[in-house]
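Novice: Fit chain L to the supplied structure of chain X, relying on the hints for placement.
Each protein sequence line maps, in turn, to chains X and L. Residue numbering for the first sequence is 1 to 292, as defined by this note's numbering. Residue numbering for the second sequence is 293 to 411, as defined by this note's numbering.
In case anyone wonders, no lab produced these hints; they're calculated from the structure. Remember, it's a predicted structure, so these values are computed and weren't measured experimentally. Backbone N, C-alpha and C fix where the C-beta goes; we use that ideal spot for every residue, glycine too. Honestly, I wouldn't trust all of these hints.
Claimed, not checked - So, partial list: chain X residues that the calculated Cβ filter (under 8 Å) puts toward chain L: (1) 125; (2) 128; (3) 129; (4) 217; (5) 270; (6) 271; (7) 284; (8) 285.
To be verified - DEER-style ranges, computed between Cβ atoms: (9) 181(X) to 309(L): 28 to 36 Å; (10) 78(X) to 365(L): 31 to 39 Å; (11) 365(L) to 241(X): 42 to 50 Å; (12) 315(L) to 187(X): 30 to 38 Å; (13) 358(L) to 121(X): 26 to 34 Å; (14) 369(L) to 222(X): 39 to 47 Å; (15) 46(X) to 331(L): 28 to 36 Å; (16) 365(L) to 196(X): 26 to 34 Å; (17) 116(X) to 336(L): 47 to 55 Å.
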Amino acid sequence: MAGQEGTTGAATGTGIVETARHAAEHRVEGTDNSLAVRVFSAGNDGGARPVLLIHGFASSTELNWVSTGWITALHDAGRKVIAVDLPGHGLSPAPEDLDAYTPSRIRAELLQILQDNHVRPLADGDATSGVDVLGYSLGSRLAWEFAGTQPQLVHRVVLGGPASIDPLATFDLEAAQAQLSGGAAIADPTTAELVRMAQLVPTNNMFSLLSMVEAIKTEPFAPEEAVPSMPILLVAGERDDLAGTLPTLLELARGHQGSDEHVRELILPARTHANAVTSRAYKQAAVEFING
Amino acid sequence: MGFNEYWSTNVAELSFPLPDLGEGLIEATVLEWLVAVGDQVERNQPLVEVETTKSSLELPSPQAGKVLRVNGEPGETINVGDELIVFEVADDSAGIVGTVPQDTAPKRRVRLSANLDED
Numbered sequence: 001m002a003g004q005e006g007t008t009g010a011a012t013g014t015g016i017v018e019t020a021r022h023a024a025e026h027r028v029e030g031t032d033n034s035l036a037v038r039v040f041s042a043g044n045d046g047g048a049r050p051v052l053l054i055h056g057f058a059s060s061t062e063l064n065w066v067s068t069g070w071i072t073a074l075h076d077a078g079r080k081v082i083a084v085d086l087p088g089h090g091l092s093p094a095p096e097d098l099d100a101y102t103p104s105r106i107r108a109e110l111l112q113i114l115q116d117n118h119v120r121p122l123a124d125g126d127a128t129s130g131v132d133v134l135g136y137s138l139g140s141r142l143a144w145e146f147a148g149t150q151p152q153l154v155h156r157v158v159l160g161g162p163a164s165i166d167p168l169a170t171f172d173l174e175a176a177q178a179q180l181s182g183g184a185a186i187a188d189p190t191t192a193e194l195v196r197m198a199q200l201v202p203t204n205n206m207f208s209l210l211s212m213v214e215a216i217k218t219e220p221f222a223p224e225e226a227v228p229s230m231p232i233l234l235v236a237g238e239r240d241d242l243a244g245t246l247p248t249l250l251e252l253a254r255g256h257q258g259s260d261e262h263v264r265e266l267i268l269p270a271r272t273h274a275n276a277v278t279s280r281a282y283k284q285a286a287v288e289f290i291n292g
Numbered sequence: 293m294g295f296n297e298y299w300s301t302n303v304a305e306l307s308f309p310l311p312d313l314g315e316g317l318i319e320a321t322v323l324e325w326l327v328a329v330g331d332q333v334e335r336n337q338p339l340v341e342v343e344t345t346k347s348s349l350e351l352p353s354p355q356a357g358k359v360l361r362v363n364g365e366p367g368e369t370i371n372v373g374d375e376l377i378v379f380e381v382a383d384d385s386a387g388i389v390g391t392v393p394q395d396t397a398p399k400r401r402v403r404l405s406a407n408l409d410e411d
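Chain X with its partners taken away, still in its complex shape (with noise of 0.2 Å):
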């Protein structure tokens, strides 16, 4: 749900070149994987730690990432970008296995990914090593639970528009099938809204989303189980509804990290969730902060 296709920013700016776009090369769990890679590196990057973003649900890469100008930002900062499609998102395919769409397997997915891209541990001293991961919305949970799970491999977090409770957690299932085969309207507001905004994006594989939501029914946000330990801002737009329970996030890094030094929090102005990603000021916090 995250992007909005709006005229701001360049597409790519000049000189960053999409370097490779292709699945994990090494299958995770003997079955094919379902996450499309986009590489984006302008050559300037001199072995730089690479960033690894994560867009939010029903969007893209395309949608979330580089339309709204956030490859150029993070090209200007000299960093090679790895963006992964989430499963039936943007260039990925849409499985009909259920399994292929829960966040345990997106997140193992995801370090092989990173393996195959050649991404090392960190080590002291060494600012080639680990990964920078930025996530937005759905997104922003996959980071959490990713960082909380590799803190010998996570840099930094950025998590955008993110939510301690999972919108998607409640989302009313059998209505949404019930009002996409033509039958009567959905009821919940929460579930209507993902919905109406699932539909904005005409690519979007509808059952395909919903396969998504049911899986992450059988896998709710439990951020309290791994809490990341390095540092982590936290952005979410002033008029952002689905982001209410950010403090509860800000809250349990705090308590995890037992100081308020490394976790850091931005609110920006007027913004919503669907508007949110083009802001400039959250796009310079962003390189910032992974860069400090």
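Specialist: Leaving out everything else, chain L in the frame of chain X:
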């Protein structure tokens, strides 16, 4: 004009309204100012991100100059035609308020005779 303190500094105020963004849109909401009062901006530099009912977009500066005033806090709605930003510019470049001064004269070439040899 010599007794006018303002003009004696050889600068003028140049006000720009929120432009017509097309598609019958009559207003836009300010999301983020990308320049601040006192900034020296170049022509085509992004000034502000605004959101309409259709999309959000960054408006480029029609003018080089120093920002004197901006109108609209993030979240506030501005009507098309209302003052968006005021620049302080050198006196001779002010032109007529509300028009966009051109950096160069527009060039338009019209071929008056057909060249039949050209394929």
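Novice: Which numbered conditions among the earlier hints are violated in the structure presented, ordered from lowest to highest?
Specialist: 1, 2, 3, 4, 7, 8, 9, 11, 13, 17
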